[in-house]
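Number of protein chains: 2
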Amino acid sequence: MKEEILRLLRSADGYISGQELCNRFRVSRTAVWKAINQLKEAGYEIEAQQNKGYRLMAAPDLMTEAEIKSLMHTDWVAKEVLYFDTIDSTNIKAQELAEKGYPSGTLVVADKQESGKGRRGRSWVSPSGTGIFMTLMIKPDINPNNASMLTLVAALAVAKAITSVTGEEALIKWPNDIVVNGKKVCGILTEMNAQFDYINHIVVGIGINVHNESFPEEISQMASSLMIEAGGKRFHRAQIIAETMSYFEQYYDTFLKTQDLSALVREYDELLVNRNKSVRVLDPKEPFDGKAMGITPKGELIVDTWESRKLVSSGEVSVRGIYGYV
Amino acid sequence: MKEEILRLLRSADGYISGQELCNRFRVSRTAVWKAINQLKEAGYEIEAQQNKGYRLMAAPDLMTEAEIKSLMHTDWVAKEVLYFDTIDSTNIKAQELAEKGYPSGTLVVADKQESGKGRRGRSWVSPSGTGIFMTLMIKPDINPNNASMLTLVAALAVAKAITSVTGEEALIKWPNDIVVNGKKVCGILTEMNAQFDYINHIVVGIGINVHNESFPEEISQMASSLMIEAGGKRFHRAQIIAETMSYFEQYYDTFLKTQDLSALVREYDELLVNRNKSVRVLDPKEPFDGKAMGITPKGELIVDTWESRKLVSSGEVSVRGIYGYV
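Line by line, the protein sequences give chains A and B.
Residues in the first sequence are numbered from 1 upward in steps of one, following the UniProt record's numbering.
Residues in the second sequence are numbered from 1 upward in steps of one, following the UniProt record's numbering.
There's no promise every hint is true.
[Stated by the list, open to error] Computed spacing ranges between beta-carbons, pair by pair:
1) N143(B) - E267(A): 44 to 54 Å
2) E20(B) - L282(A): 52 to 62 Å
3) P297(B) - A263(A): 56 to 66 Å
4) K79(A) - G232(B): 46 to 56 Å
5) K52(A) - K100(B): 53 to 63 Å
6) E20(B) - S128(A): 53 to 63 Å
7) L311(B) - K79(A): 51 to 61 Å
8) P297(B) - Y198(A): 21 to 31 Å
9) Q38(A) - G101(B): 36 to 46 Å
10) R320(A) - K100(B): 32 to 42 Å
11) R320(A) - N143(B): 18 to 28 Å
12) K112(B) - W76(A): 51 to 61 Å
13) G101(B) - L311(A): 48 to 58 Å
[Stated by the list, open to error] Dumping the calculated EDC-like pairs for lysine to aspartate or glutamate here, alpha-carbon to alpha-carbon at most 16 Å:
14) K100(B) - D88(A)
15) K100(B) - E114(A)
16) K100(A) - E307(B)
17) K298(B) - D88(A)
No lab work stands behind these hints, which were simulated from the structure alone.
Note that this is a predicted model, so its numbers are computed, not measured.
All C-beta atoms, glycine included, are put in the ideal place defined by N, C-alpha and C.
Assemble the whole structure, with the sequences as input and the hints as a guide.
Here it is in structure tokens:
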């Protein structure tokens, strides 16, 4: 009910009367009053005016189930939201929930990760209050060979959501890092659990630097937060989450129709930070330089060298802008 | 120490003196006597003769860590063995252990599974006392695209181990079912947890019907146990496990050298139950009949139809002998 009250307060043009809330949820005045009080205790500023009703003045930067759901407009993504103040890793938790039978679309969110996972066994720094650490679990009925494209679908969704909420231009460093002003603000770690021909589940872990004030010297040239790039402005994390989920659902449903990115190539390419720029492809066999042209419908990066056009597969190689990210 | 005492008793040609055991483990007579008593309590028949020492007369059909390890001769496979009387699923437990940092080669064994996993979300009947339910967890540094071949490596190991312990000819129904006298006695469920370009871990779940006395009507034409096929003879399950692990280590190390099955094709083909026989390939697009010729170094099944040679990829299709399994 709290989530629905929040949703109503948000969508209301002015006040909502207590009586209206009672009718809507078929509960007593006391029950409504209790729920409103719980919301106040959680940090929501709710004004109560006699004869007018309730009005939401300000919402705290929470990522609770009620807060996220009250902002969400999806059909099936994140219908189940689990929030944790502290967790080992949202990816690990999401995989556990998948095994326990939680439905496709379950979202795990944490304010802090104690052993956040990065790529190839590396860790992801995840302190409290600064970021969004979330994992979306899905159980797609697709060929496992097509699953790696989902990480590009997720990148597209996050970039669009960040731009929509912050107004800052978020671009994609192929395949799935999000950069603002040339600095990385988000990493995505997609992990698959499969029987080779059959996907048990996929977890898409998304870590976004939102309110970090600074970064360690070693990475400060490469990493940043939305707040730093927006000149100190703070953002509502639940709103970024809700927007990401909306975009993901939309792009994912498009992806499913063809099980490839053919209908998303154009939108992805428009956000590709390296597009039409020189890149160095750190192919373990032989590094080479070229110009990034865009992606194929399978999600490969098209790189034109002086002698030929090459397709770079996700993960096999690392791509660098010749001067840092751009 | 119990595992080492068992190993010594097994390898001894006659008796081993208490003094020798004391010296070997640098412990007191009392400590040796205690360990021997614990083994007796666990069901081992150990004869103690004054002036001669101890002799192992009979071992119970246990799959405990000590019993399995005392029979094992591997370098790295199953150096860590976890035994459970009852478990939900050995595959799930092995995946949990992988996340917790257990080393590659960890083996989980259970006498009974409460929700044993079969392929594509199906279940695997796993009652107590009748079977071997085990999962080997590995963390291979190979390309995820090559990982599906491991299930053929496992099939080869199980077939060899069953033949070696029971004397019955165990063959392989491509890709990874084991059949004796044309009936399935073992299923293998391999699951991978990966970051697309990087394997977190792979679990190879192996279920062997050992002492089942009968099967439900619906599957009795297709399924059997080692005991039924060996005319009522009982087997020592830990020995089958130990043999399987030895063969797996050997074949896996061969596989790793080329990351394909090129050096194992011949041995695999010799055990292929459908080889040179007519098969029906239940391709979801269009089923077709042909003759199974063997496997490719990538693990595909080579099927010659009247018009062309086709390569069948694991999992995409189901292959049936025109008359049941053979």
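Each hint tested on the structure:
{"no.": "1", "hint": "N143(B) - E267(A): 44 to 54 Å", "verdict": "30 Å, violated"}
{"no.": "2", "hint": "E20(B) - L282(A): 52 to 62 Å", "verdict": "59 Å, holds"}
{"no.": "3", "hint": "P297(B) - A263(A): 56 to 66 Å", "verdict": "37 Å, violated"}
{"no.": "4", "hint": "K79(A) - G232(B): 46 to 56 Å", "verdict": "55 Å, holds"}
{"no.": "5", "hint": "K52(A) - K100(B): 53 to 63 Å", "verdict": "56 Å, holds"}
{"no.": "6", "hint": "E20(B) - S128(A): 53 to 63 Å", "verdict": "60 Å, holds"}
{"no.": "7", "hint": "L311(B) - K79(A): 51 to 61 Å", "verdict": "42 Å, violated"}
{"no.": "8", "hint": "P297(B) - Y198(A): 21 to 31 Å", "verdict": "24 Å, holds"}
{"no.": "9", "hint": "Q38(A) - G101(B): 36 to 46 Å", "verdict": "40 Å, holds"}
{"no.": "10", "hint": "R320(A) - K100(B): 32 to 42 Å", "verdict": "35 Å, holds"}
{"no.": "11", "hint": "R320(A) - N143(B): 18 to 28 Å", "verdict": "22 Å, holds"}
{"no.": "12", "hint": "K112(B) - W76(A): 51 to 61 Å", "verdict": "37 Å, violated"}
{"no.": "13", "hint": "G101(B) - L311(A): 48 to 58 Å", "verdict": "36 Å, violated"}
{"no.": "14", "hint": "K100(B) - D88(A)", "verdict": "11 Å, holds"}
{"no.": "15", "hint": "K100(B) - E114(A)", "verdict": "14 Å, holds"}
{"no.": "16", "hint": "K100(A) - E307(B)", "verdict": "48 Å, violated"}
{"no.": "17", "hint": "K298(B) - D88(A)", "verdict": "38 Å, violated"}
When held up to the earlier numbered hints, the structure conflicts with 1, 3, 7, 12, 13, 16 and 17 and fits the remainder.
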